[in-house]
Amino acid sequence: MERKKTKNRREFIRSSMRFGMVLALGGAGGLAFRHSAGDKWVWQVDPFKCSWCGRCATHCVLSPSAVKCMHAYDLCGYCDLCGGYLIPGHSARSTAAENQLCPTAAIERKFIEEPYYQYTINEDLCIGCAKCVEGCSAFGNGSLHLQVNHEICVNCNECAIARSCPSDAVKRVRGSAPYLMKGDFSRDQT
Amino acid sequence: MPFLLLLLIALSVDSTAQQRFPMPEFESGYQHPEVSAPEPRSLALEYIDVLVLLAFLSVTSWLVIRKRSRKWILGLVVAALLYFGFWRNGCICPIGSVQNMALSFSDPGYAVSYTVIAFFMLPLLFSLGFGRVFCGTACPLGAIQDLVIIRPVKVPARVSKSLGMFPFVYLALAVLYASTGTGFVICRYDPFIGIFRMGAEFHLIVLGIAFLLAGMFVARPYCRFVCPYGALLKVTSMFSKHHISITPSQCIECKLCSDSCPFGAIDRPVPERAISEMKGKTGHFMLYAAVIPLLMMAGGWALSSSHIFLSRAHPDVYLAHLLIDNPGVMDDTENLDVQTFLGSDRTMESLVHDAEAIQAAFLRGSWITGAFIGLVAGLFLVSQSIIRRRTGYHPNRGDCLSCGRCLKYCPVQK
Ligand code: SF4
Ligand code: SF4
Ligand code: SF4
Ligand code: SF4
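Read top to bottom, the protein sequences are chains A and B. The number in the numbering used here is simply the position in the first sequence, starting from 1, with 12 added. The number in the numbering used here is simply the position in the second sequence, starting from 1, with 71 added.
Just so you know, not all the hints are guaranteed correct.
Pair by pair, the computed Cβ-Cβ distance ranges are [to be verified]: (1) B/R459 - A/A36: 36 to 46 Å; (2) A/T132 - B/V219: 44 to 54 Å; (3) A/G66 - B/D396: 23 to 33 Å.
Just so you know, these hints were derived from the structure itself, not from any lab. Note that the coordinates shown come from a computational prediction; the quantities given were computed from them, not determined experimentally. Don't be surprised by glycine CBs; every beta carbon is placed ideally from N, CA and C.
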């Protein structure tokens, strides 16, 4: 009899605690839900904050990095003398590897018409080192810029690059607008 | 020479607008190519993940409570490892979702996605209903450790109970770091994520392999002594409605199952005699209960007095400290963080201002965190001082991971 009473009492405590916890969980969930979005978050580089430090190439959990150079063609000057393509102090304006800034020769230079050239990034080769971005931003229009390629990125819950970027340029963006592509030059001024 | 010229042109261009070199008017009718911008993994797939998780939890609940089959559970373990581990690359998992939830409560700019809420809530709700069925199969971290258990050694109960406190401390600190926007420490030190992705920083791979090697002998060390989400599951499971039971009907105390659990999660019977023997020694229940508020104060005080130290994990605070304590680093051209800061238009004042705000958040948070740790320590003491009469061999509701290994040892038929 005595034993049964203890058992009942224990069962009562257990179910009240359980009830309390369901309430607490529901509260937390509800609070989060009120402030939630039917969208997901992905990581992206803000090209206007990036300072071309080179960590995108080295700090991604993937190798080669999921960050790639992307080219905003409508910003490009199609220069023959491309600050992103040619290494400073290059011996000739040619496609020879020793004249290229890119360590993996990921930029293809194609003649369009005199005196213009088109520069295309081969993303299979690009390692996201930002050397060309720096060159293009320093001497050109800044049309070359880094972006996380979402086909490659595994969308870490905490991006390893975001945490080590010295410019705080890698941030969460909505999955419905997953890129911060350059292309609207006026943004630079705002 | 050409570069000098270029530089001159660049400098002479009016900086208010325009590109230095406007896009040319092509005579050949050239059209530039589209930039490829592949979409991230679709939202629909994320919702399928939630459904898969729900399926795993439901089936496991049924398996451990009705079907009582280790073989099926093992099958699900392998499936979970493949799906949540290797295919989905681990993210996002319920363990990490704790931090997303914490961040969403503290940062109004961060709205969690439905997936994250579901991943956080479902395992806990199932734990309240059926015990730690998430640990039993669906957790990829648990799964990979479960498969390497070969010769589990017994960890003395006192040691494992004390080590079992660490997950609570880890949980509290992880919430502190997430809610102050410092970072997601649980993800940063997830030992198995590197294995799931087949690539990570070197120290993570080493950590993962170390855990797996240790896990051959100390079964599922991460789950038992580290996992912060496990701390939540433990508490919810203690009060669960249903739970796996070793015997299908009534335990006859044959002791056959007593050593069958690799995690030492089986409670032995405590006869009346043992209680009366222990009475004199453990009558501190009231004393311990009274001490809890003191422990909470002490914990809060201890942690808050180290809040400056804790806050240094935040990059802004770290940088501000570095620059103030050691102005010489400004000449260090190798230090990327410092050079980037100096090259940016951010002023020292704004950096210090931000750092101070973060430290203030740490001061508040560390009081709460410390008090929580004190509370857990107090409850631990109280629980140690209670001995109850127990009959039969039963899984400990907090510690049992619902793996089903013990089931086949019971000779009792239904
Ligand atoms: S880590 Fe940041 S600053 Fe460095 S290259 Fe990447 S985005 Fe740019
Ligand atoms: S989220 Fe992960 S995979 Fe994607 S860029 Fe960042 S570190 Fe690389
Ligand atoms: S220089 Fe670096 S960022 Fe630019 S294309 Fe080459 S590898 Fe990519
Ligand atoms: S199901 Fe049995 S063997 Fe598995 S953890 Fe629980 S008590 Fe231990």
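Hints, verified against the model:
{"no.": "1", "hint": "B/R459 - A/A36: 36 to 46 Å", "result": "26 Å, violated"}
{"no.": "2", "hint": "A/T132 - B/V219: 44 to 54 Å", "result": "47 Å, holds"}
{"no.": "3", "hint": "A/G66 - B/D396: 23 to 33 Å", "result": "27 Å, holds"}
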